[in-house]
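Read top to bottom, the protein sequences are chains B and H. Each residue of the first sequence is one higher than the one before, counting from 3 in the working numbering. Each residue of the second sequence is one higher than the one before, counting from 39 in the working numbering.
Because the hints were derived from the structure by calculation, they are not lab data. Treat each hint with caution, since some may be false.
Claimed, not checked - In silico negatives: residues of chain B with every beta carbon more than 12 angstroms from chain H:
#	residue
1	43
2	62
3	70
4	83
Claimed, not checked - Covered by chain B, according to a simulated footprint, are these stretches of chain H (three or more residues, beta-carbon under 8 angstroms):
#	stretch
5	131–143
6	327–336
7	343–350
Claimed, not checked - Using 25 angstroms as the maximum straight-line C-alpha spacing, the simulated DSS-like pairs for lysine-lysine come out as follows:
#	chain 1	residue 1	chain 2	residue 2
8	B	48	H	320
9	H	320	B	105
10	B	58	H	320
11	H	320	B	34
12	H	240	B	6
13	H	351	H	363
14	B	108	B	58
15	B	28	H	320
16	B	48	B	108
17	H	402	H	184
18	H	241	B	6
19	H	402	H	363
20	H	241	H	116
21	H	351	B	6
22	H	363	H	116
What you are looking at is a predicted structure, and each value in this text was computed from that prediction instead of being measured. The beta-carbon is built from N, C-alpha and C at its ideal position, and this holds for glycine as well.
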Amino acid sequence: MNQKHISQICFFITLLSLILIIFSYKPDFEEKTINEILQIQNSKGKLFGRVEYVVKNYPVSIFILNDGNSATIYYPKATTLEENNFVTVYAQNQGQKSLFAQKVVKE
Amino acid sequence: MIIWCLLGALAGIIAGLIPGLHSNNISVLLALTPFFGIEITAFMLSMCIVQSFVEFIPSTFLSAPSENTFESVLPAHKLLLEGKALEAITHTIFGGIIAVIIGSILTIPFFIFLEENSSQIITLTPIILIFALIIFITEEKNLKRKLIVLFIIITCGAHGFYFKNQIFPLISGYFGVAGLIWALKEKETFLNTKQNETFEIKKETIKDALVGVAGGAIVSVMPGIGSNTAGGIINALRKTTAPQNYLTMLGAINASNFFFSFAMLLALGKTRNGTMIALQDKIFYTPETLFIGTLIMIFAAGIGGIVTLIIAKRAVHLFNQKNTKLLNILCLIFMVVLVGIMNGLIGLIALFFATGLGVYTISKNVRRSTLMSSLIVPTIFFYLFILL
Chain B
3 MNQKHISQIC FFITLLSLIL IIFSYKPDFE EKTINEILQI QNSKGKLFGR VEYVVKNYPV
63 SIFILNDGNS ATIYYPKATT LEENNFVTVY AQNQGQKSLF AQKVVKE
Chain H
39 MIIWCLLGAL AGIIAGLIPG LHSNNISVLL ALTPFFGIEI TAFMLSMCIV QSFVEFIPST
99 FLSAPSENTF ESVLPAHKLL LEGKALEAIT HTIFGGIIAV IIGSILTIPF FIFLEENSSQ
159 IITLTPIILI FALIIFITEE KNLKRKLIVL FIIITCGAHG FYFKNQIFPL ISGYFGVAGL
219 IWALKEKETF LNTKQNETFE IKKETIKDAL VGVAGGAIVS VMPGIGSNTA GGIINALRKT
279 TAPQNYLTML GAINASNFFF SFAMLLALGK TRNGTMIALQ DKIFYTPETL FIGTLIMIFA
339 AGIGGIVTLI IAKRAVHLFN QKNTKLLNIL CLIFMVVLVG IMNGLIGLIA LFFATGLGVY
399 TISKNVRRST LMSSLIVPTI FFYLFILL
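Pulled out of the complex, with its shape left as it was, chain B reads as follows:
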């Protein structure tokens, strides 16, 4: 075996993994509204809205998000969110009362 064979193996691996990535990759979070996520259990979405009320910031964050409709968001980390902040929330409907946030970004 020489460099040429190793190159061929590398090329094959690159091509195969590229094809698998292209066919299997779906964006984790697409832009959605609170209503759309609440309708289907386990659905995920990227929400944009205004923080209506902050229940707590520490050690976990719970707040109410409004994008025309309202929902309680549970985020398992501390934040510095305040009322009327605009945020992007990467949320998931896990069948609980509140939506579970994977990530919250202050805009």
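Since the structure of chain B is provided, determine the placement of chain H on it from the hints.
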């Protein structure tokens, strides 16, 4: 996402080619950006994997080690002088490719093992490290040589404590500059690297690659043990192995370390790998992330292998027919300047002491893995303080 993979691969090439620049440095900067999710995961994983392949090029041609490749400097430089630089690098690539393939198969058993044994791992770490030091000493034939090794271990340990955060100057001194100074004593030759040499991948090589994969898994879970320490310990436990096989093993350890660290991050939510720590708050902990992350790493390994071979061939053209003595002097100057730029005066002082001990080790014909005691001894003390 493919664009992010390719950008990551580019960053990995740059980080791999510049000794002293590590993907961890780039990751820390990226952690400060607002990017996150699969894009940043793609970038960081590609960068790490590609770097783990490319960084063997400066180790081989310039004797300039990185934190992950310093154990490779001696066997790779030896092969370079024998005109087998391409063979040396191809073996590290082979090890890396095997690691990524086997790693992708072993992810699930690895998860289960981690969940069941995570607490025992911390207790085992200092025991394994002490065992490695005992092996370094007991391997020597007579009392005089055992005392020499003990002296080297104690001095290295002192270096490790005194020159904290000066890993690059220390490893450059022990494994790079010391070897180059020693090589200046040898008579002038001209590099004549064969371009299309055919060589066999033997059963033994594949076995060493598999040992390397196991080593990479250990590195990813055992705090304080780096790729090179694992390589050195495995090397100390085994009888002599061909330099090609040793390089295959290091290539496998290096690549599988990143692979298993990512698996560990997703399984336990924590990791000891610098890049993965930067990634910690940037990823979504979902099965999809694990699946796509695995594919990204396989994709990056393929790119890393191809790119490394292309650059290595260019390097052969660049260095061929060059006077080895002149090349060694240039490498020496390059490394001293690099340490000065990266680590300043304290780095140069560390380099001076490390070089002295490195030259002493070579002159006494002691196994150079012993010099890793500068990492091993402080780690043992760290764990003994935690456990006792």
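For each hint, the structure was consulted:
1. At the 12 angstroms boundary, the C-beta of residue 43 (chain B) stays outside the reach of chain H, the nearest C-beta of that chain being 16 angstroms off.
2. Its beta-carbon lying about 15 angstroms from the closest one in chain H, residue 62 (chain B) satisfies the requirement of being farther than 12 angstroms from that chain.
3. No Cβ of chain H comes within 12 angstroms of the Cβ of residue 70 (chain B); the nearest lies about 25 angstroms off, and the non-interface call holds.
4. Residue placement check: residue 83 (chain B) keeps its beta carbon more than 12 angstroms from all beta carbons of chain H (closest about 16 angstroms).
5. Closer than 8 angstroms: that is the beta-carbon criterion, and the stretch 131–143 of chain H has 5 residues meeting it against chain B, so the requirement of 3 holds.
6. With 6 residues bearing a CB less than 8 angstroms from a CB of chain B, the stretch 327–336 of chain H meets the requirement of three and the coverage assertion stands.
7. Proximity of the stretch 343–350 of chain H to chain B, defined as three or more residues with a beta carbon under 8 angstroms from a beta carbon of that chain, is established by the 3 residues found.
8. The hinted pair formed by residue 48 (chain B) and residue 320 (chain H) meets the criterion: a straight-line CA distance of about 15 angstroms does not exceed 25 angstroms.
9. A distance of roughly 9 angstroms separates the Cα atoms of residue 320 (chain H) and residue 105 (chain B); the hinted pair therefore holds under the 25 angstroms criterion.
10. With a CA separation close to 23 angstroms, the supplied pair residue 58 (chain B) and residue 320 (chain H) stays within the 25 angstroms bound.
11. A C-alpha spacing of about 21 angstroms is found between residue 320 (chain H) and residue 34 (chain B), which places the hinted pair at or below 25 angstroms, so the restraint holds.
12. For the suggested pair residue 240 (chain H) and residue 6 (chain B), the alpha carbons sit about 17 angstroms apart, so the restraint of at most 25 angstroms is met.
13. This hinted pair checks out: residue 351 (chain H) and residue 363 (chain H) have alpha carbons roughly 21 angstroms apart, not beyond 25 angstroms.
14. Taken as a hint, the residue 108 (chain B) and residue 58 (chain B) pair is honoured in the structure, with Cα atoms around 16 angstroms apart against an allowance of 25 angstroms.
15. Note on residue 28 (chain B) and residue 320 (chain H): the hinted pairing holds, with a Cα-Cα distance of about 18 angstroms set against a maximum of 25 angstroms.
16. At roughly 13 angstroms between alpha-carbon atoms, residue 48 (chain B) and residue 108 (chain B) fall within 25 angstroms of each other, so this suggested pair holds.
17. Proposed proximity of residue 402 (chain H) and residue 184 (chain H) is supported: the alpha carbons are some 11 angstroms apart, at most 25 angstroms.
18. Our distance criterion of 25 angstroms between C-alpha atoms is met by residue 241 (chain H) and residue 6 (chain B), whose separation comes to about 20 angstroms.
19. Our distance criterion of 25 angstroms between C-alpha atoms is met by residue 402 (chain H) and residue 363 (chain H), whose separation comes to about 23 angstroms.
20. For the hint linking residue 241 (chain H) to residue 116 (chain H), the alpha-carbon distance of about 22 angstroms falls within 25 angstroms, and the restraint holds.
21. As the CA atoms of residue 351 (chain H) and residue 6 (chain B) are separated by approximately 12 angstroms, the hinted pair is consistent with the 25 angstroms bound.
22. The hinted pair formed by residue 363 (chain H) and residue 116 (chain H) meets the criterion: a straight-line CA distance of about 14 angstroms does not exceed 25 angstroms.
In terms of the numbered hints stated before, the structure departs from none.
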